[in-house]
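Protein chains in written order, with full-length UniProt numbering: chain U, 1 to 527; chain G, 1 to 245.
It is possible that some hints are incorrect.
[Said to hold, decoys possible] On the chain G side, residues computed to face chain U include the following (Cβ under 10 Å): (1) Gly30; (2) Glu69; (3) Glu70; (4) Arg73; (5) Tyr185; (6) Ile186; (7) Leu188; (8) Pro189; (9) Gly190; (10) Ile192; (11) Ala194; (12) Arg195.
[To be verified] Distance ranges between label pairs, derived from CB positions: (13) Gln40(U) / Glu51(G): 14 to 24 Å; (14) Arg179(G) / Pro209(U): 50 to 60 Å; (15) Tyr218(U) / Glu234(G): 51 to 61 Å; (16) Ile26(G) / Ala70(U): 31 to 41 Å.
Derived from the structure by calculation, the hints contain no laboratory data.
Ideal Cβ placement from N, Cα and C applies to all residues, glycine included.
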Amino acid sequence: MASVDTAPMGCSFLTTTPASTFAPEDFSADEQLMVATAEQFSRKEVLPIAERLEKQEEGLMPALVRKAGALGFCGPDAPEAYGGLGLSRALAARLLEYLSLNPSLSVTIGVTSGIGQVGLTLFGSEEQKRQYLPRLTSGEWIGAYALSEPNSGSDALSASAKAERRGDRWVLNGTKMWISNAKWADLFLVMAKTGGGGLSGFLVERGYPGVSVSREEYKLGLKGSSTARLVLDDAEVPLENLLYEEGLGHQVAFNALNLGRFKLSAMCQGPAREAMGLAAAYSLDRKQFGQPVASFGLIRKKFAQMAFLFYGAESMMYRTGGLIDSAFRREAGCGIDGNKRAAEEFSVEASACKVFASEVQAFIVDEALQCYGGYGYTEEFPIARLYRDARISRIYEGTNEISRVFMSSRWARRTREGRAELRTAGDSFLSELLGKAVAQPFDDQIRAGAISDLMMLGFVEQSSRLRAARCGGLQPALYSALLNWVNVRAAEAYQVVTGQAVSLPAPAPFDWDQIALAVLERKGPAV
Amino acid sequence: MKILVPVKRVVDPFAKVRPTPDGFGIDTTGQKFEINPFDEIAIEEAVRMRERDPAVDVTVVSIGGPECEEQLRKALAIGADRALLIETDRTYDPPSVAAELAALAADLKPDLILMGKQATDDDCNQVGQMLAAKLDWPQATFASKIERAEGSLTVTRETDTGEETLELPLPCVVTADLRLNEPRYIALPGIIKARSKPLERRPPAAQPKPRTRLIKAEAPPPRSAGRKLASVDELFAALKGKGVI
Ligand SMILES: Cc1cc2nc3c(=O)[nH]c(=O)nc-3n(C[C@H](O)[C@H](O)[C@H](O)COP(=O)(O)OP(=O)(O)OC[C@H]3O[C@@H](n4cnc5c(N)ncnc54)[C@H](O)[C@@H]3O)c2cc1C
Numbered sequence: 001m002a003s004v005d006t007a008p009m010g011c012s013f014l015t016t017t018p019a020s021t022f023a024p025e026d027f028s029a030d031e032q033l034m035v036a037t038a039e040q041f042s043r044k045e046v047l048p049i050a051e052r053l054e055k056q057e058e059g060l061m062p063a064l065v066r067k068a069g070a071l072g073f074c075g076p077d078a079p080e081a082y083g084g085l086g087l088s089r090a091l092a093a094r095l096l097e098y099l100s101l102n103p104s105l106s107v108t109i110g111v112t113s114g115i116g117q118v119g120l121t122l123f124g125s126e127e128q129k130r131q132y133l134p135r136l137t138s139g140e141w142i143g144a145y146a147l148s149e150p151n152s153g154s155d156a157l158s159a160s161a162k163a164e165r166r167g168d169r170w171v172l173n174g175t176k177m178w179i180s181n182a183k184w185a186d187l188f189l190v191m192a193k194t195g196g197g198g199l200s201g202f203l204v205e206r207g208y209p210g211v212s213v214s215r216e217e218y219k220l221g222l223k224g225s226s227t228a229r230l231v232l233d234d235a236e237v238p239l240e241n242l243l244y245e246e247g248l249g250h251q252v253a254f255n256a257l258n259l260g261r262f263k264l265s266a267m268c269q270g271p272a273r274e275a276m277g278l279a280a281a282y283s284l285d286r287k288q289f290g291q292p293v294a295s296f297g298l299i300r301k302k303f304a305q306m307a308f309l310f311y312g313a314e315s316m317m318y319r320t321g322g323l324i325d326s327a328f329r330r331e332a333g334c335g336i337d338g339n340k341r342a343a344e345e346f347s348v349e350a351s352a353c354k355v356f357a358s359e360v361q362a363f364i365v366d367e368a369l370q371c372y373g374g375y376g377y378t379e380e381f382p383i384a385r386l387y388r389d390a391r392i393s394r395i396y397e398g399t400n401e402i403s404r405v406f407m408s409s410r411w412a413r414r415t416r417e418g419r420a421e422l423r424t425a426g427d428s429f430l431s432e433l434l435g436k437a438v439a440q441p442f443d444d445q446i447r448a449g450a451i452s453d454l455m456m457l458g459f460v461e462q463s464s465r466l467r468a469a470r471c472g473g474l475q476p477a478l479y480s481a482l483l484n485w486v487n488v489r490a491a492e493a494y495q496v497v498t499g500q501a502v503s504l505p506a507p508a509p510f511d512w513d514q515i516a517l518a519v520l521e522r523k524g525p526a527v
Numbered sequence: 001m002k003i004l005v006p007v008k009r010v011v012d013p014f015a016k017v018r019p020t021p022d023g024f025g026i027d028t029t030g031q032k033f034e035i036n037p038f039d040e041i042a043i044e045e046a047v048r049m050r051e052r053d054p055a056v057d058v059t060v061v062s063i064g065g066p067e068c069e070e071q072l073r074k075a076l077a078i079g080a081d082r083a084l085l086i087e088t089d090r091t092y093d094p095p096s097v098a099a100e101l102a103a104l105a106a107d108l109k110p111d112l113i114l115m116g117k118q119a120t121d122d123d124c125n126q127v128g129q130m131l132a133a134k135l136d137w138p139q140a141t142f143a144s145k146i147e148r149a150e151g152s153l154t155v156t157r158e159t160d161t162g163e164e165t166l167e168l169p170l171p172c173v174v175t176a177d178l179r180l181n182e183p184r185y186i187a188l189p190g191i192i193k194a195r196s197k198p199l200e201r202r203p204p205a206a207q208p209k210p211r212t213r214l215i216k217a218e219a220p221p222p223r224s225a226g227r228k229l230a231s232v233d234e235l236f237a238a239l240k241g242k243g244v245i
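Make a model of the complete structure from these sequences and hints.
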């Protein structure tokens with residue numbers, strides 16, 4: 001039964017201004033203690049062996065996963081009944097953020113505790129959950145998610161892997177491409193087509209006959225993570241390992257990604273946090289013209305800009321975490337249908353988080369590298385690796401283009417279904433622009449993408465505004481800086497949709513130096 | 001065996017501290033607080049003893065305001081069984097802390113008081129010794145290794161001249177040095193379990209009677225820029241010039 005809770009609905013940020021939203025400041029003391037453990041684990045166990053991980057030294061990464069599992073990082077938000085810790089999804093994301101100081105580790109843990117596990121948590125039968133979840137949540141087993149194929153990426157429904165029922169088993173054939181964790185995964189969630197033509201999900205153990213993994217891809221970054229093909233050659237899978245219903249695998253796959261995109265934004269924030277800290281330390285140390293480069297205005301401007309963009313991403317993504325948690329609370333006890341509704345409810349917000357955080361990460365690692373000058377361009381310093389590792393964030397779990405197509409079209413679809421309204425609250429300059437923009441047709445991709453940009457920027461702006469007003473300190477200054485930036489981007493997007501220029505409101509006053517100095521002092525984000 | 005571990009809340013030892021504008025103390029606004037690192041080593045050691053022998057019971061105690069609960073909860077998350085907050089807003093000097101802990105020991109009757117050798121905020125290194133004297137118990141300070149035997153402990157301690165191994169009958173006071181152990185990462189299940197462990201508050205047995213008073217706190221003078229010298233001879237001449245040698 002669905003409760004009559006007044007909790008917000010998906011897309012409601014567009015039409016209403018809530019009284020308050022969840023923010024990182026809301027984590028309790030013991031939740032912060034958990035986050036401290038995640039950071040310590042990264043700093044003491046992972047960062048010192050980053051180079052060995054890059055070389056994929058035999059057994060090193062799986063051993064780290066097991067250690068992480070013993071500390072509780074492989075299933076923090078999984079149900080306690082199956083070995084998870086039952087923590088909130090917002091907190092699980094915060095933990096992942098701090099495990100992401102090294103992105104190769106975080107993609108490994110992020111997949112086994114996220115998209116490689118959540119399909120089972122949301123859609124698994126009692127038997128399936130009891131059989132597999134405790135092994136994944138403890139870190140004893142590693143999970144993987146296998147949807148993409150050589151000829152089926154963004155167009156995931158066009159997959160050609162096939163599953164056929166033969167007697168007492170399913171027989172799977174096909175190749176799954178780009179499978180994170182393939183080298184060390186024990187369990188794959190595989191999507192394949194069955195007789196009716198729809199996708200179905202299968203829980204495929206590594207040891208089943210006909211299952212093999214090809215050589216590692218030679219990648220630009222994330223070299224410590226495993227990415228390889230999963231080859232299914234008459235792979236034999238027991239009948240009971242069909243996940244959920246035959247032909248409804250796309251619901252499993254896409255709902256895993258709805259939550260995955262939210263978690264991915266945390267995996268963008270962690271490396272961005274680390275890059276800022278490294279660049280701050282370096283800039284204070286490096287002297288030119290007789291003074292630290294951190295004292296120059298154009299270097300300080302970089303730190304201020306990194307800081308307010310980071311703040312915007314952080315405000316939006318933890319707000320989204322709080323929203324997703326509220327959806328799962330509301331649907332508690334409603335079974336698989338409830339899980340589906342909860343995972344879908346904030347899919348627009350989660351996509352906005354993924355796109356914005358990945359683009360902020362790209363900006364931050366780029367400018368952080370710039371602070372290093374020529375030294376940043378060498379592998380002598382860890383910033384080059386963070387730069388390479390960041391590039392994937394805009395590609396996987398739905399490219400940023402696909403996510404931009406998704407946001408505005410899902411808003412329109414929710415409106416048709418009576419679950420949203422195609423209008424705006426008008427609580428800001430941007431919200432007014434968006435209100436005018438959606439009054440026009442946006443059926444071509446370029447306009448639809450610009451509408452999505454306005455939605456995303458609006459979500460960032462509102463989330464930061466509400467958080468800054470509540471938390472004070474340096475936050476109102478960060479918000480002012482962010483607001484000016486957002487408004488310029490919004491005017492650009494508006495121009496794309498309507499072909500008309502708009503005059504910007506007067507910029508909010510703020511002090512670049514004040515923000516930059518906070519980053520330099522804290523060697524990390526300004527708050 | 002009952003172990004009592006006193007725990008002090010201190011400013012993050014890696015943070016930069018500033019005196020308050022009036023110079024009467026340390027400005028703690030915006031600072032992070034931690035368990036005194038030597039106390040954390042003591043907690044770790046006690047918890048390891050408990051893990052080896054379920055009959056061991058570990059109580060942690062802190063003297064201070066309600067904010068100390070944060071450190072006590074952390075100690076419970078590491079694995080202590082129960083926590084006690086002696087609630088006060090007064091300032092304690094080492095003899096006052098020792099007096100309060102002695103009163104508590106008379107009540108709880110622990111077999112072992114295991115504590116940090118000193119706190120990183122004031123670096124006094126006095127409470128353990130004073131407490132042992134007040135209780136008239138044997139003590140071993142600067143422990144780098146502790147082994148249990150029937151009714152006694154064998155403690156290796158680090159001294160300036162090398163390692164010294166002592167045998168002490170229980171009850172006794174032992175203070176932990178840096179090398180005693182390396183504290184664990186606090187596992188998430190431990191933090192969750194700590195939520196339901198008992199944390200009792202009680203008033204102090206007596207009011208503190210500090211014998212010293214802080215009259216001034218000053219930041220160290222900023223270091224002036226150094227100078228590179230080419231040879232030992234130059235260094236010698238420079239030191240001589242300044243009248244240092
Ligand atoms: C390191 C790494 C790890 C990965 N891990 C996994 C994993 O664990 N499991 C898994 O299943 N997959 C994984 N992937 C695959 C990843 O999700 C896909 O690469 C991604 O979805 C894009 O698909 P594609 O590579 O086929 O690109 P394509 O779909 O061929 O896209 C090419 C370009 O066209 C654009 N494009 C495509 N369609 C449209 C459209 N309709 N409108 C506008 N633009 C469009 C894309 O945005 C992109 O810029 C991983 C990939 C990498 C590189």
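Is the hint on Glu70(G) kept, meaning its closest Cβ partner in chain U is under 10 Å away?
holds, 5 Å
Against chain U, is Ile186(G) within 10 Å by beta-carbon distance?
holds, 5 Å
Under the criterion of a CB-CB separation shorter than 10 Å, is Ile192(G) in contact with chain U as hinted?
holds, 6 Å
Assuming the hint says 14 to 24 Å, is it satisfied by the Cβ distance from Gln40(U) to Glu51(G) or not?
Hint holds: Cβ distance 20 Å, inside 14 to 24 Å.
Should the hint that Pro189(G) touches chain U count as held when the rule is a Cβ pair under 10 Å?
At 6 Å from the nearest chain U Cβ, Pro189(G) passes the 10 Å test, so the hint holds.
Against chain U, run the beta carbon of Gly30(G) and see if the smallest gap drops under 10 Å.
Since chain U brings a Cβ to about 9 Å from Gly30(G), closer than 10 Å, the hint holds.
CB-CB spacing for Ala70(U) and Ile26(G) relative to the 31 to 41 Å hint:
Given range 31 to 41 Å: holds, Cβ gap about 38 Å.
Return the status of the interface hint for Tyr185(G): holds when the least beta-carbon distance to chain U is below 10 Å, violated otherwise.
holds, 5 Å
Was the hint right that Ala194(G) lines chain U, CB cutoff 10 Å?
holds, 7 Å
How about Leu188(G): closest beta carbon in chain U under 10 Å, or not?
Cβ of Leu188(G) sits 3 Å from chain U, so the hint holds.
Just to be careful: measuring from the Cβ of Glu69(G) to every Cβ in chain U, is the smallest value less than 10 Å?
Holds, about 8 Å.
Report holds or violated for the interface hint on Arg195(G), using the least CB-CB distance to chain U and a cut-off of 10 Å.
holds, 7 Å
In summary, the structure agrees with every hint in the numbered list given earlier.
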